[in-house]
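Taken in order, these protein sequences are the chains called A and B.
Taking the numbering used here, the leading residue of the first sequence gets 2, the next gets one more, and so forth.
Taking the numbering used here, the leading residue of the second sequence gets 254, the next gets one more, and so forth.
Hints are not guaranteed to be accurate.
Said to hold, decoys possible - Calculated pairs, SDA-like style, for lysine to any residue (alpha carbon to alpha carbon, straight line, at most 20 angstroms): (1) A:335 with A:345; (2) A:151 with B:304; (3) A:181 with B:304; (4) A:181 with B:363.
In short, the hints are calculated from the structure, not lab data.
Bear in mind that the values here come from a model prediction, so they are computed numbers and not experimental data.
Chain by chain, the residues run as shown.
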Amino acid sequence: MGATHLPSTEFDETAADDQLEAAAEAQLGNPAEPMVQLLAPDGTLGTDPVFSAYAERLDGEKLCGFYADMAKIRRFDVEATALQRQGQLALWVPLTGQEAAQIGSGRASQPQDYIFPTYREHGVALTRNVDLAELLRQFRGVSNGGWNPKDTNFHLYTLVLAAQTPHAVGYAMGIQRDQKLAAAAVGVDGALDRPAEPKAAVVVYFGDGASSEGDVHESMVFASSYNAPVVFFCQNNHWAISVPSSVQTRIPLSNRAKGYGFPGVRVDGNDVIAVHAVTEWALEHAREGKGPVLIEAFTYRVGAHTTADDPTKYRESAEETLWRAKDPLDRLEKYLRAEGLADDAFFEQVKADGDELAAYVRKTTYDLETPDIRTAFANTYVEAHPLVAEELAWFEEYSAGFAETPERDSADPDEASTGVAR
Amino acid sequence: MTTMTIAKAINEGLRATLDNNPRTLLMGEDIGALGGVYRVTDGLLAEFGADRVVDTPLAESGIIGTAIGLALRGYLPVCEIQFDGFVFPGFNQITTQLAKMHARSNGNLTVPVVVRIPYGGGIGSIEHHSESPEALFAHTAGLRIITPSNAHDAYWMIRQAVECQDPVIVFEPKRRYWLKGEVDTDSPGASADPFKAHVLREGTDATVVAYGPLVPVALAAADAAAEDGHSIEVIDLRSISPIDFDTVTASAKKTGRLVVAHEAPTFGGIGGEIAARVSERAFLALEAPVIRVGGFHMPYPVAKVEEDYLPDIDRILEALDRALAY
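Bound-form chain B, shown alone:
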């Protein structure tokens, strides 16, 4: 066990994949000498050279598109998109090409490209640097989407993403990059399957599902609720596509009440999908409607008011109050 930040854990995970397979390579803007704007690839250029840690031209479609070509030639590219709001120039390549290549080739071709996207707000940044676009990708069949909430998962998820034969998007909770945690680099342990949700805290009165940056918030909300005598179960979803509905449904059946929290706007979001599926699977066990906590239907607001936009402990507690009132 080693204590490290999430950023360092991803760095170590990338180092391990580069070490393990000469066909793994990293691509992105400023990932070389600078080590990426968040220093996630720090030191890797010096260690593995410019053919494997590739500073690319400033062109997201080109990054994803050339990664697809490299994958077709047998390489395992890991692309860094600098910020969530800048993935859109590459959206066409991700959704019309990367996601569909295996299907449209009748299974003959595989494109095991990994796309890393730092996402989410809470860092006081300027426009386009604080968004949570995961639902836009989750709607596209052919992609897998995972998001770590802690250092151990961050280390293993990037390795598992590279090993997966399907394209994987790893949404990295950028405001938690410096969150430290214990990492076992010898064994993933309970994190062996990146597409499985984890019950982080057991409870009996209600369940809160969160992922990525909101997992620590959900845990803190559960602590606060406990002071009021409510026993809250907390699930770290970990995988956004596919979603581990078995774990979520089992918890909803047990507690009878479900709150889903994410930074992304609630409308058309992952919370809505979870609410719909759980309603179908556990309707008779539910004591309350599934309640969503998320961003508003507006462009991500300016930094000075983002606290009013982002779900926090109180917003989750308010949702729990509503669920428990039924």
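Just chain A, same shape as in the assembly:
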């Protein structure tokens, strides 16, 4: 493809621009580039020598479920964006356009798997049964987390790009050791003495922008060296805020896996059936001890990077139009209708369920309680810490002075600072 041309040794700005443009065009849909696609934008189902077998596991009920999930998370996205515009959230990170990549991969995971998201994986959160209202805590500024990852095996969002990728590999190395410990029946705690648990793997999400971070490289080296059961799931949504993916890579990102010695697959990220099939294959590969896999889900961030972003400053609306024609929901709707798997009543119900979810999320957001800063004192360390205790004691005394002093600017400066007024 055009993107593989090496730049000339003498820098020629015009030529470089041409190359970037060529690369961008190629990435926007070079038919020569192999990409797993089962459900075409027109709603017709194709075949793949490897992955059709996985797609055949899906019945009408599951496909309808995928559609319902995608519609639900898109409706949630609209509601969260509205909440931000109304000042109820500090920021929102929209996912519209990436529903198939997230629902397809999330639904391929099993409860015993552990998921490390970046910060846009609201769709994956839905598939892991995270309460979506809890998801908004971080964006409302009442928590840096919001949910307990132990409940759903869905880790906290990580905002330092790619920092979660080595965590995922380490977690996968832990799974490997758990299996050996269980096999050797060398338990020091009860958890290790339980009957054999289902084999687990890890999925870690990151984007085309984060793929340039050193942590992704180091993670892939570690994963390869130790054959760790981890699936690297890269959503190439084409834009790292304002910088196109052609600046992050001159080759398909999935090709990078070759350099580390494990399989890489580029999948149509707007095709929920293909994404599900490829991820299911990759997770089985990992769980069976065959090592890591890189999946590049080729998709598009239809909206802005965040509610603080303005895509009109850096990209053409024609590009957005091009991608809207590849919409993940539209194509599945066409397929479900054509196959007689869903009717108007189904789609009306999906819409009603989405509105219900939106109302729930809105109400719950209003009700999210502002935490007490004392919880921040309490959670800085696990074990008692003298400096934290000292600063908390000072804060209590300082606060108590305000609480019991009628006027903030007391005539006696000692009264407020010493808490004498108590």
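Mind docking chain B on chain A? Use the hints.
Leaving out everything else, chain B in the frame of chain A:
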């Protein structure tokens, strides 16, 4: 009681933690067959196998980052960073991830990772092998930082670090790795709390606070001062975060004069923090300003001139002279 070097004491402490809990594992560059560049992990690969003494790829961020993941899965990783100056590729993982995981999860997650860092100069080494970056980590809430100055503490501190549920960085005084001392492997005795400072020598005229590699220097300076008729109290700080201000303040109130010595540059360093806190707590008891002895505001100098950079007995005595002159 057994006599052993600090390096051997850490080795024995690691062996004990590996023996005690199958979920403890060591990670780092060259820690397996070689036993680490300082041989601190010597013999442990043969004894515990490659799943528990893990020679990692040469990537510090990857070492800390995968250790965090292992900790999330219930393991107790002990990471070796080969040299102080090479911790920085892992700085992001330590400060933005390891330090904050418990807080940002609202207390739901714990990441009891231990990071061992040989630190300090005086070994005639090349660039990036002689630094003292402890203040950069002490400034980050969520981390605990300890540093042994003797073999007994070295043995117990590594065990206590592994048992601590918070992330702990153990700064190991590399030029003292071969310093021998008595170790009681049956009981920590007075070293039961790794976050408590020790008064090593009692005195009445002034206090010198030091930690890690400068503790023997501070003790020698106190001996020299005694010859001039000055009674110097010496405190081994042991823990850099948290700092045992109770012990330091009590001593400052008693002697009225305080000198803090470390190899790290004085500007923005631990000495400044101690000076500020002690000034707040013991202002009226102080007979002199708190005086800092430390490195200069420059990149660690070349080995041939490091003697002019590193605090030594005379530098501490000069600071004591200034304090006693008030």
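We went through each hint and held it up to the structure:
1. A:335 with A:345: 12 angstroms, holds
2. A:151 with B:304: Not OK: residue 151 (chain A) and residue 304 (chain B) at ~25 angstroms, beyond 20 angstroms, violated.
3. A:181 with B:304: 10 angstroms, holds
4. A:181 with B:363: 23 angstroms, violated
Hints 2, 4 from the earlier list are contradicted by this structure; the remaining hints agree with it.
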